[in-house]
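S.K.: Sequence:
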Amino acid sequence: MNAAKQAILLRNDINLTRSEVISLCIRASLQFLLENDESERGDTLTVALSAHEADWLRSAERSQITLHVASAETLNDMMLRAKLNDIETHCVVDDSNDLQCVALGPHDSLELDALTAKLKRHNTR
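Residue numbers (the numbering used here): 1 to 125.
I should point out that these hints are in silico values taken from the structure, not numbers from a laboratory.
Please note: incorrect hints may appear among the correct ones.
[To be verified] Calculated cross-link-like contacts (lysine to aspartate or glutamate; reagent style EDC-like; alpha-carbon spacing at most 20 Å):
| no. | residue 1 | residue 2 |
| --- | --- | --- |
| 1 | K83 | E61 |
| 2 | K118 | D13 |
| 3 | K83 | D43 |
| 4 | K118 | E73 |
| 5 | K118 | D108 |
| 6 | K83 | E35 |
| 7 | K83 | E73 |
| 8 | K83 | E40 |
| 9 | K120 | D77 |
| 10 | K83 | D113 |
Using the sequences and the accompanying hints, generate a full structural model.
M.R.: The structure is reproduced here in structure tokens:
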């Protein structure tokens, strides 16, 4: 198994401050833990992890990359492509239910790199 990695895809067509970008990326990154919570108590978190997720959490590096996409349409397309490749997707939406950010994985780094090869790194303004 290759090293695990997480890719955060962020829309480039919305005007966000640096702190909003950071907040969205953190929410997206942690979403896989909340979505896999199997606990029945509100004060406990019991998470079933895939091998890639467990590997990524235990890794000292926790390889991660933030990439930008042109629009919500492109983000939806990337989510569909990820799901077709059995890569978990974890969404962050705003109060209007508009998709803003998506985390892919943690998953096999080579598979994530192949899926996101044409995307550019996100640069904060």
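S.K.: Hint by hint, say whether it matches the structure.
M.R.: Going through the hints against the structure:
{"no.": "1", "hint": "K83 <-> E61", "in the structure": "violated (25 Å)"}
{"no.": "2", "hint": "K118 <-> D13", "in the structure": "holds (17 Å)"}
{"no.": "3", "hint": "K83 <-> D43", "in the structure": "violated (31 Å)"}
{"no.": "4", "hint": "K118 <-> E73", "in the structure": "holds (16 Å)"}
{"no.": "5", "hint": "K118 <-> D108", "in the structure": "holds (17 Å)"}
{"no.": "6", "hint": "K83 <-> E35", "in the structure": "holds (16 Å)"}
{"no.": "7", "hint": "K83 <-> E73", "in the structure": "holds (15 Å)"}
{"no.": "8", "hint": "K83 <-> E40", "in the structure": "violated (28 Å)"}
{"no.": "9", "hint": "K120 <-> D77", "in the structure": "holds (16 Å)"}
{"no.": "10", "hint": "K83 <-> D113", "in the structure": "holds (15 Å)"}
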